[in-house]
Amino acid sequence: MPTVSVKRDLLFQALGRSYTDEEFDELCFEFGLELDEITSEKEIINKEQGDGKADGASEIILYKIDVPANRYDLLCLEGLVRGLQVFKERIKAPRYKRIMPPISEVQRLSIMEETTQVRPYAVAAVLRNVTLNKDRYESFIDLQEKLHQNICRKRSLVAIGTHDLDTVSGPFIYTAKPPSEIKFKPLNQDKEYSASEIMDLYRMDSHLKHYLHITENEPLYPVIYDSNGIVLSMPPIINGDHTKINLNTRNVFIECTATDLTKAKTVLDILVTMFSEYCQKPFTVEATEVTYPNGKSYIFPELAYRREKIKPDIMNKKIGINETPASLAKLLTRMCLKSHVIGNGNNIEVEIPPTRSDIIHACDIIEDAAIAYGYNNIQMTIPKTYTIANQFPLNKLTELLRQDLAAAGFTEALTFALCSQEDIASKLGTDISATKAVHIANPKTAEFQVARTTLLPGLLKTIAANRKMPLPLKLFEISDVVVKDSAKDVGARNHRHLCAVYLNKTPGFEVIHGLLDRVMQLLDVPPSKDNGYYIKATEDSAFFPGRCAEIFAKGHSIGNLGVLHPDVITKFELSMPCSALEITIEPFL
Amino acid sequence: MSPTMGTEAGTAGPGSAAELLLQRLELAGGSAEGGLCSLEAAAALGLDHQTLVGAVKSLQALGEVIEAEQRTSKKWELTPEGEEVVREGSHEVRVFNSIPLEGLAQSELMKLPCGKVGFSKAMSNKWIRLDKSTEGGPHVFRAVESVQDGVREKLLQLQQGDPNSLEEKDKSELKKRKLLTEVTVKTYWIRKGSAFSTTVTKQETDLTPEMIASGSWRDLKFKAYNFEALGIMPESGHLHPLMKVRSQFRQIFLEMGFSEMPTNNFIESSFWNFDALFQPQQHPARDQHDTFFLKDPAEATQFPMDYLKRVKRVHSQGGYGSQGYKYDWKLEEARKNVLRTHTTAVSARMLYQLAQQEKFTPAKYFSIDRVFRNETLDATHLAEFHQIEGVVADYGLTLGDLMGVLKEFFTKLGITQLRFKPAYNPYTEPSMEVFSYHQGLRKWVEVGNSGVFRPEMLLPMGLPEGVSVIAWGLSLERPTMIKYGINNIRELVGHKVNLQMVYDSPICRLDA
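In the order they appear, the protein sequences are chains F and P.
According to our numbering, the first sequence is numbered sequentially starting from 1036.
According to our numbering, the second sequence is numbered sequentially starting from 4.
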């Protein structure tokens, strides 16, 4: 969930009133936001870098507000204020307008064929006669960063470039070139670098290094030029210094390059709807023309308003309320979804503004009505759904066995399903290739290399972590292991295993053997070679030679028991003799 | 405890220290304080004080026979050197006596064991004189006819038990000479108890089969039990606290008529884990940083292809009243195997199955099982945890129904103060986070997440248009940590568990 940090006083000024922290927290809760933290720049620096480092830092109170991940329109102060003011019916939602300048003055961006392989889409817009100040400028930069981190998926889907239009002259060209042929002065640098040098320059940059991989290994790098060959940006890495925006910038050229056109349009719409507030004619945006390699031209930003019809009785039924159509329309209007009743009250027409890309289905509209109604004002009801409950048979058996294993004096362990390769292979005297283990592609540490194929390592590690406990230690676990199985759709399946270990000064094979007898008694399986269970000497690398037996039940091999091999004991950092039992319980269902 | 303990020496029997003490106490009964000092009693009975203290303790163990109050007192005692003085006289007297009338060479005198101290004391008493002019070195001569050994007399007086007869000045003088020392003595002030008797019956430790057989228990007295002590814990196995809480949640769902889903498949395809839930392929949850992908088996091979096509369409183009996400949906992404990140993947499989029936029947499902996240680990987050999930599918379910079911569910957990916050989940709309008021923290804390599954998820499965599916989820670990007061999740889950905590954990009653 993205967190937006806003200056409290600036927020209250924009909201036209002040709140206590509790009041504002309450308002956020109702609207689906969360006032996560009340802090200041000074406090943040103190917390991150230690006391004393924050001398001179601002003590202005900041609200950190958690915003739902699909509400890009609330990612800046401007949007938050607009959303809350409309919600509280203090203002009406603004209507965003795209203005078409005279043909000769339209800013044009041409996309060259070369971009197809690396970053094929671009959209653009112009904000005319903007009045910026420090707070507005910072908010503008912050919003771009928030969008980059969220909807733009760390610039991989969309990258935003904003430029002082008065420093360049169109038409603009979006192309891709070999890195050696791109040379410009990157933002806030004091000299020109080639594209390859720029990559090296930012390799250590705590911020930009995360984006280098997106284009680094491409033969051609995306780049935007003006008609004089001035570099506006090298997306998705960095803008040129030449077109840098400052507090005096009046006309802003916004370009978004992308691998996902839908998201690029959304990002552009959000940026211009939020900051056109500061244009001479508020909420108006100047159109640009973007020409694609196939010669087709499009006008951006789209700023499309979509109309949906929704039946009031469906809304009432889905929410569980009983409101009039007019009242429902009013609820939606409070959520920036301007609505009115049509067709004798049988329908509500809802207008979805360009800021609400999250509204893609009637259910999204219904949710907004419910939020405006107030979730906590909805009458709670109990559905009449009549069903007979069933336990999952494997879990039912597991639950019953657990109780009786504890009654037999064994204590239940709960160990991880993920472990290292060593745990299930070399530590048990076998090779990983001999296991049918599933392997994880992206483990952050060796603890998560594979899914366990046996419960034994987890129990032995549990004992190793509890060496101070009095002997004997008797542990068990009934849980799932995972093995590859090509018969399953995903190529792997779980098996429910029962594992028990006994650790003492003597091996205690008879104790573990007795537990097997008890488990079979509980499962109503008699000792018999025909249709019951029996054990038969076998060899297994995890067990001491001559001290291991295979367990057969109902004609199938179900597992092993025996005295653990001294090497196994040592590798699990234990020093006492230990006997163990591991069986699958699935044949007993 | 040894069964023979009651017959040990000193406790009882004629002529024992205990009996002697009781008799003396009987005699002293009328005295002013109505009691005896153990030290005096020992002296009077000719017993060692320690023996008498032993008798006091064994009588105390019998109950109310006597009352004994511990006191501390100071006592003067002779040092070994003081005792030597009593036996052989003070150093100065011994020096005086060893000097013949004709005198003694000082060097010879100094060789005597008492020489050095005795010489200086005798000199200061002016009992002897030193003549340095004598031939062959200085000689010592008697200066008086006879002497009296006052030091020895004083020590003797003290040893005979009359410390008060000495003046403080003398005592400190003798102490300074290390002939006398002051020691602290622990004594008892002994009085008759409410069950006082001059004879002590031998007490039995415990009932034996022989006593029952012979009936002798009727005449025997039994040693009192110490009810302050703890008993001996039974040897037993123990269930893991998280699993105990799990059993309770299972029970609650079963009480509410929910059937258990088969969640015994940790490996899931991205298709069921994400795509089926209308979670777009670029969603951050599908990032390497958040999800464990598999290297082997890397991809799932079988899908219900008709359904998969409908899923593809709703993602890329929309439909079912949806705009869709308008992106290029790729089968390769859907094939990728993952360790399931939520049990909702299983719910999706169940709902798909439900949709394959001829005629829809309402269903209530639950599951509690492991899920996996490739997250950064800390005191409250592990790479695997248990998700609790409840799902209801029926015609015409409302948001009010969801809240009502949640209220009933949480009431069974002992949580009654609930409120609901609008939230965002990719596969539910409306979505609501469930908050409960925490009395201890004095604030609202999130206890679960819930919502109504999106039509883009349900309709491609083939569920009828009017069917709504409400669902909620929470983790099993968090309520367990709160219930059992555990701050570090590693002490609860995994091999680093504290087994003592497992042994000691009480039964789980969530509503208590």
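Some hints could be false.
[To be verified] List time: in silico BS3-like cross-link candidates among lysine-lysine, alpha-carbon distance up to 30 angstroms:
hint, chain 1, residue 1, chain 2, residue 2
1, P, LYS415, F, LYS1431
2, P, LYS124, F, LYS1344
3, P, LYS124, P, LYS195
4, F, LYS1331, P, LYS499
5, P, LYS315, F, LYS1523
6, F, LYS1589, F, LYS1471
7, F, LYS1279, F, LYS1123
8, P, LYS224, P, LYS195
9, P, LYS172, F, LYS1523
10, F, LYS1503, P, LYS415
Source of the hints: derived by calculation from the structure; they are not laboratory data.
It should be emphasised that the depicted structure is a prediction, and the values quoted were computed from it without experimental measurement.
Now for the hints, and whether the structure bears them out:
1. At roughly 21 angstroms between alpha-carbon atoms, LYS415 (chain P) and LYS1431 (chain F) fall within 30 angstroms of each other, so this suggested pair holds.
2. Among the hinted pairs, LYS124 (chain P) with LYS1344 (chain F) is inconsistent with the structure: their alpha-carbon atoms are about 124 angstroms apart, more than 30 angstroms.
3. For the hint pairing LYS124 (chain P) with LYS195 (chain P), the CA-to-CA distance comes to about 52 angstroms; that exceeds 30 angstroms, so the pair is violated.
4. Between LYS1331 (chain F) and LYS499 (chain P) the CA atoms are separated by roughly 64 angstroms; this puts the pair beyond 30 angstroms, and the hint is violated.
5. For the proposed pair LYS315 (chain P) and LYS1523 (chain F), the alpha carbon gap of about 22 angstroms is at most 30 angstroms, so the pair holds.
6. Of the pairs offered as hints, the one joining LYS1589 (chain F) and LYS1471 (chain F) holds, with about 24 angstroms between alpha carbons and a cut-off of 30 angstroms not exceeded.
7. Between LYS1279 (chain F) and LYS1123 (chain F) the alpha-carbon distance is near 38 angstroms, which puts this suggested pair outside the 30 angstroms criterion.
8. A threshold of 30 angstroms between alpha carbons decides the hint, and for LYS224 (chain P) with LYS195 (chain P) the separation of about 20 angstroms falls inside it, so the pair holds.
9. Under the criterion of a C-alpha separation no larger than 30 angstroms, the hint pairing LYS172 (chain P) with LYS1523 (chain F) is inconsistent with the structure, at around 103 angstroms.
10. Under the criterion of a C-alpha separation no larger than 30 angstroms, the hint pairing LYS1503 (chain F) with LYS415 (chain P) is inconsistent with the structure, at around 38 angstroms.
In summary, the numbered hints that this structure violates are 2, 3, 4, 7, 9 and 10.
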